[in-house]
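Novice: Given these sequences and hints, build the entire structure.
Protein chains in written order, with the working numbering: chain U, -19 to 472; chain A, -19 to 472; chain P, -7 to 416; chain W, -7 to 416.
Careful: at least some of the hints might be erroneous.
Restricting the straight-line Cα-Cα distance to at most 20 Å, the calculated cross-link-like pairs of lysine to aspartate or glutamate (DMTMM-like) are [what the hints assert, rightly or not]:
1) U:Lys435 / U:Asp374
2) A:Lys177 / P:Glu298
3) U:Lys296 / W:Asp367
4) U:Lys296 / W:Asp36
5) P:Lys377 / W:Asp409
6) W:Lys262 / W:Glu205
7) W:Lys375 / W:Glu329
8) A:Lys296 / P:Asp367
9) U:Lys(-17) / A:Glu(-2)
10) W:Lys260 / W:Glu205
11) P:Lys375 / P:Asp409
12) U:Lys4 / P:Asp(-5)
13) P:Lys404 / W:Glu29
In silico negatives: residues of chain U with every beta carbon more than 12 Å from chain P [what the hints assert, rightly or not]:
14) Gln30
15) Thr48
16) Thr52
17) Arg74
18) Asn76
19) Glu77
Everything labelled a hint here was simulated from the structure, so no lab data went into it. Remember, predicted model here, so these are calculated numbers, not experimental data. Ideal Cβ positions, reconstructed from N, Cα and C, are used throughout, including at glycine.
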Amino acid sequence: MIKKVTTHLSQNEALLFERSSPGKKAYQLPELDVPAVDASEALGAENVRQEIEGFPEVSEVEAIRHFTRLSTWNYAIDYGMYPLGSCTMKYNPRINEVAARTEGLAWAHPYQPEALSQGCMEVMETLEAALAEICGMDAVTLQPAAGAHGELTGILLIRALLQKRGNPRKKILIPDSAHGTNPATAAIAGYAVENIKSSETGGVDLGALEQLVTEDVAALMVTNPNTLGVFENNIVRVAEILHKKGAMLYMDGANMNALVGIARPGDFGVDVMHLNLHKTFSTPHGGGGPGAGPVAVKKVLEPFLPTPRLRRSGKKLAFDYKRKHSVGRVKAYYGNFGVLVRALAYILAHGGPGLKNATMDAVLNAIYIRKALEPYFDLPYTSPSMHEVVFSDDRQAKLGVRTGDIAKRLIDYGFHPYTVSFPMIVHGALMIEPTETEGKLEIDSFIDAMISIAKEIETDPQMVKGAPYNTRTSRVDETTAARKPVLRWKPA
Amino acid sequence: MIKKVTTHLSQNEALLFERSSPGKKAYQLPELDVPAVDASEALGAENVRQEIEGFPEVSEVEAIRHFTRLSTWNYAIDYGMYPLGSCTMKYNPRINEVAARTEGLAWAHPYQPEALSQGCMEVMETLEAALAEICGMDAVTLQPAAGAHGELTGILLIRALLQKRGNPRKKILIPDSAHGTNPATAAIAGYAVENIKSSETGGVDLGALEQLVTEDVAALMVTNPNTLGVFENNIVRVAEILHKKGAMLYMDGANMNALVGIARPGDFGVDVMHLNLHKTFSTPHGGGGPGAGPVAVKKVLEPFLPTPRLRRSGKKLAFDYKRKHSVGRVKAYYGNFGVLVRALAYILAHGGPGLKNATMDAVLNAIYIRKALEPYFDLPYTSPSMHEVVFSDDRQAKLGVRTGDIAKRLIDYGFHPYTVSFPMIVHGALMIEPTETEGKLEIDSFIDAMISIAKEIETDPQMVKGAPYNTRTSRVDETTAARKPVLRWKPA
Amino acid sequence: MLDACGVSTPEELFTHLPEAVRLNRPLNLAPGISEYEIVQYFRDRADNCANGYASFLGAGVYNHFRPVLVDTVVSRGEFLTSYTPYQAEIAQGTLTTIFEFQTMICQLTGMDVANASMYDGSTAVPEAAMMAVRATGKGRVLVAKSVHPEYREVLATYARHQGMPVAEFGYVSETGNLDLEDLERQMDGLTGAVIIQTPNFFGIVEQVKAAAEIAHRHGALLVVVFTEAVSLGLLEPPADADIVAGELQSFAISPSYGGPYAGIIATKEKYIRQVPGRLVGQTTDSRGNRAFCLTLSTREQHIRREKATSNICTNQALIALMATVFMTVYGKQGLRELAEQNLAKAHYLAGKTKPRFTGKFFNEFVVRTEGKSPDVVNKALLKKKIIGGLPLGRFYPELADSMLLCATEMTKRADMDRLAEVLA
Amino acid sequence: MLDACGVSTPEELFTHLPEAVRLNRPLNLAPGISEYEIVQYFRDRADNCANGYASFLGAGVYNHFRPVLVDTVVSRGEFLTSYTPYQAEIAQGTLTTIFEFQTMICQLTGMDVANASMYDGSTAVPEAAMMAVRATGKGRVLVAKSVHPEYREVLATYARHQGMPVAEFGYVSETGNLDLEDLERQMDGLTGAVIIQTPNFFGIVEQVKAAAEIAHRHGALLVVVFTEAVSLGLLEPPADADIVAGELQSFAISPSYGGPYAGIIATKEKYIRQVPGRLVGQTTDSRGNRAFCLTLSTREQHIRREKATSNICTNQALIALMATVFMTVYGKQGLRELAEQNLAKAHYLAGKTKPRFTGKFFNEFVVRTEGKSPDVVNKALLKKKIIGGLPLGRFYPELADSMLLCATEMTKRADMDRLAEVLA
Ligand SMILES: Cc1ncc(COP(=O)(O)O)c(C=O)c1O
Ligand SMILES: Cc1ncc(COP(=O)(O)O)c(C=O)c1O
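Specialist: Right, dumping it as structure tokens:
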């Protein structure tokens, strides 16, 4: 029985271009307080465009209705649990939005004089220090715009250090359970990728590692807890093996929500890592971004951090642009400052004890779900779970129902699906991360839904394969979308 | 065919009290910077309460989800057309919300020194002047909190004037087409109500009026355009009849959206009137309020306006509390200031020409709908329509379908219903007011829906009587609600 | 669309209006301005106000922090831009929140029923008086002098023409509490309502029970007014009242130079049908599911017309929603803690000054401004960017040497210290 | 829940971690603070910034008015708190707006396809270069010196280890335009990408056609960069480009001390499969209704891993939505009018000063600060609460006597007059 949702009216809405009428407008500009200028004269007639063909022409109320109506077609954290593994979809406190809109911060120009930017710089300094403390690292750059961007920065740092030591080396080792951004990043940084098979328990296989770590290897990129939600118990040993050969340990910090206040990467041998502020530190995903991917490093890597670096001398903060060993810039200006403000607000609101409590709740929630669902779904790796748990669809696949189908059926039950088919080392993965946000009520209702679907699969697998049924849009044909790409509207 | 809406998932949600768990909280207070105080000591043990039994205990994310989920069960202007006759459900510009939250205004205390309130007072002065100009009246009080409150103020003014002239008189004449607040107001002001039957064309019956206006009559309360959406063409004559007998003409300004920039009550004989800023001047209804009901008067009534009055002397604005003829206060402080800010923002945004255009569009829209629906619904009064049009369900009632049923079916079509069964002089009224907000697209789609329902009634009246079908809540049993009132939650 | 309407210009739509009534000139209002200019316009006005001042004003309007969630919720178009929930099937969002609101007001006040809101506290008072008069059939009203003076003014305005004589009874000049003897003295068989406020206008907690006893003994109803809703986090609910009439501004509503706020009326079960304004009730839909709707509308003007319990129609729904969100965010534990902080702040301040009355107080109290007049003190304070207390002479000639000071959880210790210095 | 998990304290959940890795002390961070304190914390920081100053800074970040609707839309939890729209059936809201975004970017730029966003303009440039290199199979990149200097720095960082040598070509010192002869001179058969910016960093409108001709003649692709998106309301779209890489900060995104902004990549149909980042495509659902979904994901890292077109995953979706709302509010007519106002303001300012270059400019231009250094001039301006132009010496030693001035629709005539006085 579906208890979490009911169907209700949902307004249809055409594309903006289809509902435009000539001459409609939703804006009014102040009257010009200077003489108007003839554009052809000022810019050269050849440089002045015709009208922007097809551009929207709607009234203000049509605009607000357009976006309001569309918004209601989305699922969101504000609607309910969003158990996407690896994504850490936690509540996005609204106070963070207020903080980010504080006028003197939101309207600060990156080139305004440093003397008039001390407040912005102090926000950055405070956040750098807090993240360094949380990670147990020595220095932090806030410049990267997202996790993958942080990875690139981190790998470039390793390359720069090794280069300075005489040889940048050729390869990055990456477990087969890793997120796709890891290998993609290595490639952009000019490294070959060597995959390393996970051990039987899903972790780094120490034997394999010892074999693979040669003088050619620049680093291992490890996610910890890994994408099975399992802590790499050998992590200290892993670091030793790498360090012995002059290679570095990079940690993908996407799963830091399992560790904050409990364990610090800097304390277990990590040389460099990134954080996803849009995961662990609650900044909103906004339908895909923006995020921020600060990189934290050990002292040895500090000289290579991107320019500029924030420096305090006495009461004044300043940017240091003269850093001869720096890998250079990875982004214009200083980072996604507005996201940094939100993350700092989150850290301030929680404080040290609050952050640790959040971690414990996140892990408790995941383990609670694991216990409840283990009787119904196959658990290929049984090591203790941290903040997420990964099941396999093996049992259901026998009846022809795959993880993707279960996910779609979960939609009918009023939930956003878990992460589907990742990590790749699990056959038909169901990757579930509740985060600390969810209370028992919501989690129990999720568990009920999952069990109910497991039973439906036994009695009516075909029905499940056709889900979702209760959405305004039924199952979407992604194959045709890719086969005949239509990537923009055109007049009929 | 229903084109405007589709059904989609809608999150269920229990009452706060049902989803509370002991100890959960959604707030954090700053640490106290003064010594804590023992409440029993400070207040007396007998004055200190036990815990507030049943009060909510939820987390912040549960709170935001609770209200977000509930919100999606509502229809709203932001979703689509809201053709409630007499209610003037127009678009509520979001800039008004920004204006009302301007810090120095939103956080101004009503008792802060006048020298530190000049900005607030200037907003009020500017709005008073604009409303006086729009109404063609001499003075305006902004104190009343809503239309009915404005009515009361207006009638008290009349009473005070007549009293000063020697006799407050006994009766208020009210057309049978009037809104319920009119007679209710008269009663509170200590007047008997005498109904006056509408003429064949729906207006004030001059013959009847002449007969009824005696020395006992204090005033006529007239709505113009009246609740049929028809302008009282004899209004000047009506005023003359009243004035000749020393009675006053009160105008219910709820329908000013038909007149702004086109005709001014002060120019056609009205002595006193109220405006609904939450109708004509775009302040949001917010599910029932707040509004504001400024009252505009001719000079002769000015001495009686509520205290305090805003007065300018040179560069300074001040409140004048010493007004010996005043009817007194109708509300603490100075009125619903935050609503006044929104209304002024609306007036500033539109300007004179913009306001007139809005009126013309509102009337055009109503007439367009009338033309389109006349073939399908009975139009009992055929005088030219202004901003709204009132049909009767006579034709449909023959098949057993009443205006209330048609309204409910309209919900299935994705629209909010029109106003049902008002004015009472129309049998089974369908009172439709589109306002200037709606564009042709939305209006045509409303017309299509109405025609489609008219056809459904011919083929399947029973079906229509069971509507709505596509809402999360089906037809609500209002009878039982009133018979066995349950007005608060109690633990089971 | 013009075509369809048979006209060629919109002006033609108005040709049926008599020439005499038509405005044959443009409105004398400036042309429209842009969003940017509107923002600027109101900012300029605001700059001409009290930004940046610390304030010790209360007196019915309190400076409490507004949790961010409140704006988040009321900014949703679904709440902001919906009408009164007459069409229950597409208004369950609003209806459910009002039902929750009514419940929470009952929980707070100890009453059985609460309405969906009144305009504000000041208008709730005459509405409550009218209710009591209807219920008792006795027209006289006795109101305590320690009820908010502007509320009493509004009561006077409403009462004047309804055959409701209003008399006032005093307070004890030492304690600031109700003068119960004066009340007893003035009671008579014609009195239908006794109106008191707690904490009263001087911030002092009143003897509700004793007042109720006197009122009831004479066959009158007791109306208890409150202006500082936060006090209910800590104070015994006025369960001995027959009617509670209050103001919820303290619950996340910005002072906004006097409004909009939200009033409430709560009462005992037996007076349900005397309640003014809207009520939401629980029922079921045709599928048997729980649903809510506006109910008992035979009390209201749109059905009962001149016989209605009140003329109120539009109320303060969105403000009541803000209060609902506020109550949800603070909840059981938080409202108490918030009240405790207010208590602590005000008592800290009182410790540094000399309260004039000896009665127990919550977050406001009266001080004599020894030697200097309150206005002189306030002038000195303004120079330090402090707005002092409300000088009471305007409302109470006998207290012309006094001001009413308020401290809330927002009041900073340092500002209190600075104030105390000037007052000393 | 602890019970169900077989533990009695949450700490026990972590006992399986090796002792060595566990942090056996509390984090060295202060305890949590309240909402009110957080608001205050950031306000205090903001007070330590440039509130109340007029500013003539542009240089890639522009001060345009943000229509109120933008915040209204992105504050809706449905957009703000949703994830990347992988589950199309419950993400049609986001997907539809991205499809509209892609369409509008195509309409603006004259390209056939646009992606769903990049981190910003600066990172879009190396992504575009990598695209061109993949498409042409030629690794060398030629970038104009008049491209935003920080964008060129980012390009250098990305290019360094990918076998993508980057060379720069100059500008004509009189006009500020591309030095096409230098470009021609430096072109060779190994060059896969020519990168120019219009309006360029000096605000000057570039010769896109001529640059395209040269690039194409040598078998390279032309990448056109823009930092001032509002210019596209008036300027001929760079339809001769093969790839357009731009920054949308101008479309309602607050400067926010440098981010978050949103970059875009747009290109010709034939390069679709080389595009980095997410793309939304139209399709149907199983009932045959139009629907949208993320598509062509075989380009992306989560499928293609080290062979992906880019490592980007999280992009700037919400910022792209803000730009979408901005484009909707201004629309066809408004974007042009807005651009015209910018043009008029900048030309008014230019009329009062002496632009250093003779090239046509949009809303920015370079002035020599005759006699005094730009820093000295800026200091004098700061005293008048004016933030002057960007001193160019930092990026262009040959322009050490010059600053870059910007005027937008927000720039007040009076401030321009005051600036001109100091500059004179
Ligand atoms: C394990 C892991 N690594 C890296 C990333 C990439 O981070 P971003 O999307 O911020 O670039 C993700 C994001 O989903 C992830 O889950
Ligand atoms: C004609 C008419 N008069 C008076 C009123 C009462 O106004 P308010 O609800 O603001 O008190 C209304 C409101 O619906 C109305 O339509």
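Novice: Does each hint fit the structure? Answer for all of them.
Specialist: Hints and how they fare:
no.: 1; hint: U:Lys435 / U:Asp374; in the structure: 15 Å, holds
no.: 2; hint: A:Lys177 / P:Glu298; in the structure: 16 Å, holds
no.: 3; hint: U:Lys296 / W:Asp367; in the structure: 19 Å, holds
no.: 4; hint: U:Lys296 / W:Asp36; in the structure: 16 Å, holds
no.: 5; hint: P:Lys377 / W:Asp409; in the structure: 34 Å, violated
no.: 6; hint: W:Lys262 / W:Glu205; in the structure: 19 Å, holds
no.: 7; hint: W:Lys375 / W:Glu329; in the structure: 34 Å, violated
no.: 8; hint: A:Lys296 / P:Asp367; in the structure: 19 Å, holds
no.: 9; hint: U:Lys(-17) / A:Glu(-2); in the structure: 15 Å, holds
no.: 10; hint: W:Lys260 / W:Glu205; in the structure: 16 Å, holds
no.: 11; hint: P:Lys375 / P:Asp409; in the structure: 15 Å, holds
no.: 12; hint: U:Lys4 / P:Asp(-5); in the structure: 19 Å, holds
no.: 13; hint: P:Lys404 / W:Glu29; in the structure: 12 Å, holds
no.: 14; hint: Gln30; in the structure: 26 Å, holds
no.: 15; hint: Thr48; in the structure: 6 Å, violated
no.: 16; hint: Thr52; in the structure: 9 Å, violated
no.: 17; hint: Arg74; in the structure: 5 Å, violated
no.: 18; hint: Asn76; in the structure: 9 Å, violated
no.: 19; hint: Glu77; in the structure: 8 Å, violated
The structure fails hints 5, 7, 15, 16, 17, 18 and 19 (numbered hints given earlier, in ascending order).
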